[in-house]
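> Top line first, the protein sequences correspond to chains E and D. Going by my numbering, the residue at position 396 of the first sequence is 397; the numbering climbs one at a time, nothing skipped. Going by my numbering, the residue at position 328 of the second sequence is 329; the numbering climbs one at a time, nothing skipped.
Some hints could be false.
If chains are identical, the list can't say which one is meant, so a pair holds when it fits in one copy or spans any two.
[To be verified] Here are the simulated lysine to any residue pairs, SDA-like style, with alpha carbons at most 20 angstroms apart:
| id | residue 1 | residue 2 |
| --- | --- | --- |
| 1 | 454 | 439 |
| 2 | 83 | 215 |
| 3 | 442 | 177 |
| 4 | 213 | 420 |
| 5 | 442 | 192 |
| 6 | 340 | 177 |
| 7 | 340 | 261 |
| 8 | 452 | 439 |
| 9 | 442 | 176 |
| 10 | 213 | 159 |
| 11 | 340 | 406 |
| 12 | 442 | 415 |
| 13 | 213 | 163 |
| 14 | 452 | 462 |
Rather than coming from a laboratory, the hints here were simulated on the basis of the structure. A quick note: this is a predicted structure, and the numbers were derived from the prediction, not measured.
2 protein chains.
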Amino acid sequence: MSTDLLSALADLIGPAHVLTGTDMAPYAFDWRQREESHPVAVLRPGSTAEVAAIVRLCAEARVPIVPQGGNTGLVGGTIAEKGTGAVLLNLGRLNRIRTLDATDYTMIAEAGCVLADIQAAAQAADRYFPLSLGAEGTCMLGGNLSSNAGGILTLRYGNARDLVLGLEVVLPDGRVWNGLRTLRKDNSGYDLKHLFLGAEGTLGIITAASVKLFPRPRQVETALVAVPSPAAAVALLGLARTGTGDSLSAFELMPRFAFDGSREILGRDQDPLSAPSPWYVLLEASSGMAGPALRGQVEAVLETALDQGLVTDAIFADSMEQQRKLWLIRESLPEIGRKIGGAVHTDVSVPVSRIPDFLAATIAAVTAYMPGIRPYPFGHAGDGNIHFNIGRPVDMEGAAYLAHAHAISDIVHEQVLAHGGSISAEHGIGNHKAEELARIKNPVELDLMRKMKAMLDPDGIMNPGKVLVR
Amino acid sequence: MSTDLLSALADLIGPAHVLTGTDMAPYAFDWRQREESHPVAVLRPGSTAEVAAIVRLCAEARVPIVPQGGNTGLVGGTIAEKGTGAVLLNLGRLNRIRTLDATDYTMIAEAGCVLADIQAAAQAADRYFPLSLGAEGTCMLGGNLSSNAGGILTLRYGNARDLVLGLEVVLPDGRVWNGLRTLRKDNSGYDLKHLFLGAEGTLGIITAASVKLFPRPRQVETALVAVPSPAAAVALLGLARTGTGDSLSAFELMPRFAFDGSREILGRDQDPLSAPSPWYVLLEASSGMAGPALRGQVEAVLETALDQGLVTDAIFADSMEQQRKLWLIRESLPEIGRKIGGAVHTDVSVPVSRIPDFLAATIAAVTAYMPGIRPYPFGHAGDGNIHFNIGRPVDMEGAAYLAHAHAISDIVHEQVLAHGGSISAEHGIGNHKAEELARIKNPVELDLMRKMKAMLDPDGIMNPGKVLVR
Numbered sequence: 002m003s004t005d006l007l008s009a010l011a012d013l014i015g016p017a018h019v020l021t022g023t024d025m026a027p028y029a030f031d032w033r034q035r036e037e038s039h040p041v042a043v044l045r046p047g048s049t050a051e052v053a054a055i056v057r058l059c060a061e062a063r064v065p066i067v068p069q070g071g072n073t074g075l076v077g078g079t080i081a082e083k084g085t086g087a088v089l090l091n092l093g094r095l096n097r098i099r100t101l102d103a104t105d106y107t108m109i110a111e112a113g114c115v116l117a118d119i120q121a122a123a124q125a126a127d128r129y130f131p132l133s134l135g136a137e138g139t140c141m142l143g144g145n146l147s148s149n150a151g152g153i154l155t156l157r158y159g160n161a162r163d164l165v166l167g168l169e170v171v172l173p174d175g176r177v178w179n180g181l182r183t184l185r186k187d188n189s190g191y192d193l194k195h196l197f198l199g200a201e202g203t204l205g206i207i208t209a210a211s212v213k214l215f216p217r218p219r220q221v222e223t224a225l226v227a228v229p230s231p232a233a234a235v236a237l238l239g240l241a242r243t244g245t246g247d248s249l250s251a252f253e254l255m256p257r258f259a260f261d262g263s264r265e266i267l268g269r270d271q272d273p274l275s276a277p278s279p280w281y282v283l284l285e286a287s288s289g290m291a292g293p294a295l296r297g298q299v300e301a302v303l304e305t306a307l308d309q310g311l312v313t314d315a316i317f318a319d320s321m322e323q324q325r326k327l328w329l330i331r332e333s334l335p336e337i338g339r340k341i342g343g344a345v346h347t348d349v350s351v352p353v354s355r356i357p358d359f360l361a362a363t364i365a366a367v368t369a370y371m372p373g374i375r376p377y378p379f380g381h382a383g384d385g386n387i388h389f390n391i392g393r394p395v396d397m398e399g400a401a402y403l404a405h406a407h408a409i410s411d412i413v414h415e416q417v418l419a420h421g422g423s424i425s426a427e428h429g430i431g432n433h434k435a436e437e438l439a440r441i442k443n444p445v446e447l448d449l450m451r452k453m454k455a456m457l458d459p460d461g462i463m464n465p466g467k468v469l470v471r
Numbered sequence: 002m003s004t005d006l007l008s009a010l011a012d013l014i015g016p017a018h019v020l021t022g023t024d025m026a027p028y029a030f031d032w033r034q035r036e037e038s039h040p041v042a043v044l045r046p047g048s049t050a051e052v053a054a055i056v057r058l059c060a061e062a063r064v065p066i067v068p069q070g071g072n073t074g075l076v077g078g079t080i081a082e083k084g085t086g087a088v089l090l091n092l093g094r095l096n097r098i099r100t101l102d103a104t105d106y107t108m109i110a111e112a113g114c115v116l117a118d119i120q121a122a123a124q125a126a127d128r129y130f131p132l133s134l135g136a137e138g139t140c141m142l143g144g145n146l147s148s149n150a151g152g153i154l155t156l157r158y159g160n161a162r163d164l165v166l167g168l169e170v171v172l173p174d175g176r177v178w179n180g181l182r183t184l185r186k187d188n189s190g191y192d193l194k195h196l197f198l199g200a201e202g203t204l205g206i207i208t209a210a211s212v213k214l215f216p217r218p219r220q221v222e223t224a225l226v227a228v229p230s231p232a233a234a235v236a237l238l239g240l241a242r243t244g245t246g247d248s249l250s251a252f253e254l255m256p257r258f259a260f261d262g263s264r265e266i267l268g269r270d271q272d273p274l275s276a277p278s279p280w281y282v283l284l285e286a287s288s289g290m291a292g293p294a295l296r297g298q299v300e301a302v303l304e305t306a307l308d309q310g311l312v313t314d315a316i317f318a319d320s321m322e323q324q325r326k327l328w329l330i331r332e333s334l335p336e337i338g339r340k341i342g343g344a345v346h347t348d349v350s351v352p353v354s355r356i357p358d359f360l361a362a363t364i365a366a367v368t369a370y371m372p373g374i375r376p377y378p379f380g381h382a383g384d385g386n387i388h389f390n391i392g393r394p395v396d397m398e399g400a401a402y403l404a405h406a407h408a409i410s411d412i413v414h415e416q417v418l419a420h421g422g423s424i425s426a427e428h429g430i431g432n433h434k435a436e437e438l439a440r441i442k443n444p445v446e447l448d449l450m451r452k453m454k455a456m457l458d459p460d461g462i463m464n465p466g467k468v469l470v471r
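Looking at chain E on its own, in the form it has when it is part of the complex (with noise of 0.2 angstroms):
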């Protein structure tokens, strides 16, 4: 990078905001540490205006651009890669909560707004903001929107992009598309926005959106269910969306192998059911209604499906408290690779309806690789998305496991494939799946995405790599 440019952006921006050193380490790395980060500068603007001037300034240059909102993103979506002459284009300081209007139940905020602060201000004007995930405290707004995230309430909410009325994006040219409407109908020509959503920044840059509230839960109900097949689960969450008035927001599978590592993690003796069980359902439903309405639906649920063989045996969260003793069995699943020392993680979706013939499946495929193998597939069942995870064979080095990393991931999306599922359910395809995209996706829908790349960022300065191979 010149020093000329690098003197342009900082009489842009402040040379404050432009880091070229050791400070560069807080937004130079990856959240998973497989991959190391080499930006040529990290920029930091302060406003939409100084995103677009710095993205005229690189698109002149030809200095390619990644854009970075909390950096928690977990396939590599916001490295800068070697040799690339990239610089880190860090949101941060765009975390204005620009208007929120609870008659209309929207809001526009901006891409550096942390989800959590985004929710607190949903709550603080007795509204509710759906989108929660793990990384909360620290993903921001744009960063949940360019890769579309999911989470658990993705059932009763839909992903991220369901969420979003309007975006303001800056686009490889520099201009800014203001499309920050709160309009719940307009059909008024294409819809535009839903290019930008889930592109992970290789179309442009997200800088505000419009999003939508809801009326705020008043009345939880978690209970952790033991149930004896996937096939049961299955049948159970029918059960639970018919029988709750399609109140049910998260149905979470988890097989006995995760329940018994979640407890060890915790440190919990107990089983807090009466006996093992080989798979198990946390779910929850929730109403903006307040009172026992509620709990007599899921008890209504949960009986009948006790009646038909479906569960056999389920334990209700009576507190807040225990709400979140539930919620952290689910929550501390991610830690059990590192527990075990040495697990493949995935991040699939099949339909619904065939999530127990994909288990079955594709737990008989690694396992015919490797006998001793320990999958353990878990994650958010009610949409069909299974984080199928691998646990290496007792009597082998995690390292030496490890190396089958590739062809382990690459049964498990033979499978998924052979399902009518997707590779990548909630955690996009930055760099880690984007060669593996090009081998497998549909050619027609491989050549509309690169003529639509073509055609937004025919230089290719936007996030170089991501999603499509160069």
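Put chain D on the given structure of chain E with help from the hints.
Okay, now just chain D, sitting in the frame of chain E:
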């Protein structure tokens, strides 16, 4: 059109499905009778492969194609304009429901399926497809999706695009994009389906879609409510969303003029409420749970609203017959224009919180333009979609009044834009609003739309003159 091409088309799909004479009449007309349609032929293919082959032949010969479903659109979107040499491609024979998976809550249906048939198929599987609009007995899925139809349940279930998980599209070059996934979470690349949804056939032809199903409502509460003002109605909406646990499915606002008009049309002498009111709300809440809980919730909302002066009177429907009777009031409103011998119709939206200001300002503006004019704005206030319709002054001839139609709708649209709204909420752009769109749309957005069109349809053969002016 050359006779060679015609005979090639007849060889392709069978001569019985290539119409060129008076047998074109059932397809070559405008639902609103505002325009004439002059296709050189009407083509009725029987499969996606036939659609693709037609498009390839027409693309080679540069023959424009106007796709058509049930032909119930209101903005001239399926008109073959005179002199363009366009063919009408009617999708009516692609009318199979390919799959219905009740466990997965999904269905894959072809573009020519009549909406009511899709609703019935869902119901037969104890599921629910919530798209519902006046034309549902005639309109077809492909048209619903191409125009991103709204309707009365948008408040609860979203617009047509929100119900779609995947699409099959014939592209302008005749390639078929098979994007018929049934996944709730899929972050494997750009989300292309939203480009074709709402594009009114200008970017390709939707031939099939995978759609979301929902639990079937088992309890529906319908109430007609007298409110003193639009501001009271918007406040009631907030109470009702919260107080029913977000079970509110419809929230229709209408002024006294429209209410009285509907009573005349329906021949109902008796006012169902005890005293006249300046404004009315027809609201509906629905739940997948049978039982008295929902009625209690709606009653509690209305009692609170009564205490707060937001509501002056209300009646509940106590049977399905009474529900039907209340809905007939709303459904008769589009007839008022004919009844009073001259009205200007619009389809606009504003943010929900701005409805009261928008209504007041627009009533004042049209009245300033023409004293004695009779505005009767009504519609889906729950999602900000108002049909701001305006009747002729009693002492003016209908024809003389309608000479002002453009000027009057321009005044309405000016107020819409001043209130952050859209000139097309649910009907689309078609050819009626294409020139206006080119005039008022944000230039960056318009430029992106044009680039998208040029990229996908470089020869401009797909529904020319619709959405984007030539």
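> Hint by hint, note whether the structure agrees.
Against the structure, the hints come out as follows:
For the homomeric pair residue 454 and residue 439, the shortest alpha-carbon distance inside one copy (14 angstroms) is at most 20 angstroms, but the shortest distance between copies (25 angstroms) is not. When the C-alpha separation of residue 83 and residue 215 is checked against a cutoff of 20 angstroms, the pair qualifies neither within a copy, at 43 angstroms, nor between copies, at 48 angstroms. Only between protomers do residue 442 and residue 177 lie at most 20 angstroms apart by alpha-carbon distance; the minimum there is 14 angstroms, versus 31 angstroms within a single protomer. In this assembly of identical chains, residue 213 and residue 420 lie within 20 angstroms of each other by CA distance solely across copies; the values are 18 angstroms between and 33 angstroms within a copy.
For a Cα distance limit of 20 angstroms, the shortest separation of residue 442 from residue 192 across copies, 13 angstroms, qualifies, whereas the shortest one inside one copy, 23 angstroms, does not. With identical chains, the CA atoms of residue 340 and residue 177 are never at most 20 angstroms apart, being 47 angstroms at best within one copy and 47 angstroms at best between copies. Within a single copy, residue 340 and residue 261 get their C-alpha atoms as close as 12 angstroms, which meets the 20 angstroms cut-off; across copies the closest is 71 angstroms, which misses it. In the homo-oligomer, the alpha carbons of residue 452 and residue 439 lie at most 20 angstroms apart inside one protomer (14 angstroms), although the nearest pairing across protomers, at 24 angstroms, exceeds that limit.
Proximity of residue 442 to residue 176 under the C-alpha cut-off of 20 angstroms is restricted to the inter-copy arrangement: shortest distance 16 angstroms between copies versus 31 angstroms within a copy. Taking the closest pair of Cα atoms, residue 213 and residue 159 come within 20 angstroms of each other both inside a single copy (11 angstroms) and across two copies (12 angstroms). In this assembly of identical chains, the alpha carbons of residue 340 and residue 406 lie at most 20 angstroms apart only when taken from the same copy (17 angstroms versus 72 angstroms across copies). Taking the closest pair of Cα atoms, residue 442 and residue 415 come within 20 angstroms of each other only inside a single copy of the chain (12 angstroms); across copies the shortest separation is 45 angstroms, beyond that limit.
When the C-alpha separation of residue 213 and residue 163 is checked against a cutoff of 20 angstroms, the pair qualifies both within a copy, at 9 angstroms, and between copies, at 14 angstroms. Taking CA atoms no more than 20 angstroms apart as the test, residue 452 paired with residue 462 passes in both settings, with 15 angstroms inside one copy and 19 angstroms between copies.
The structure shown violates the earlier hints numbered 2 and 6.
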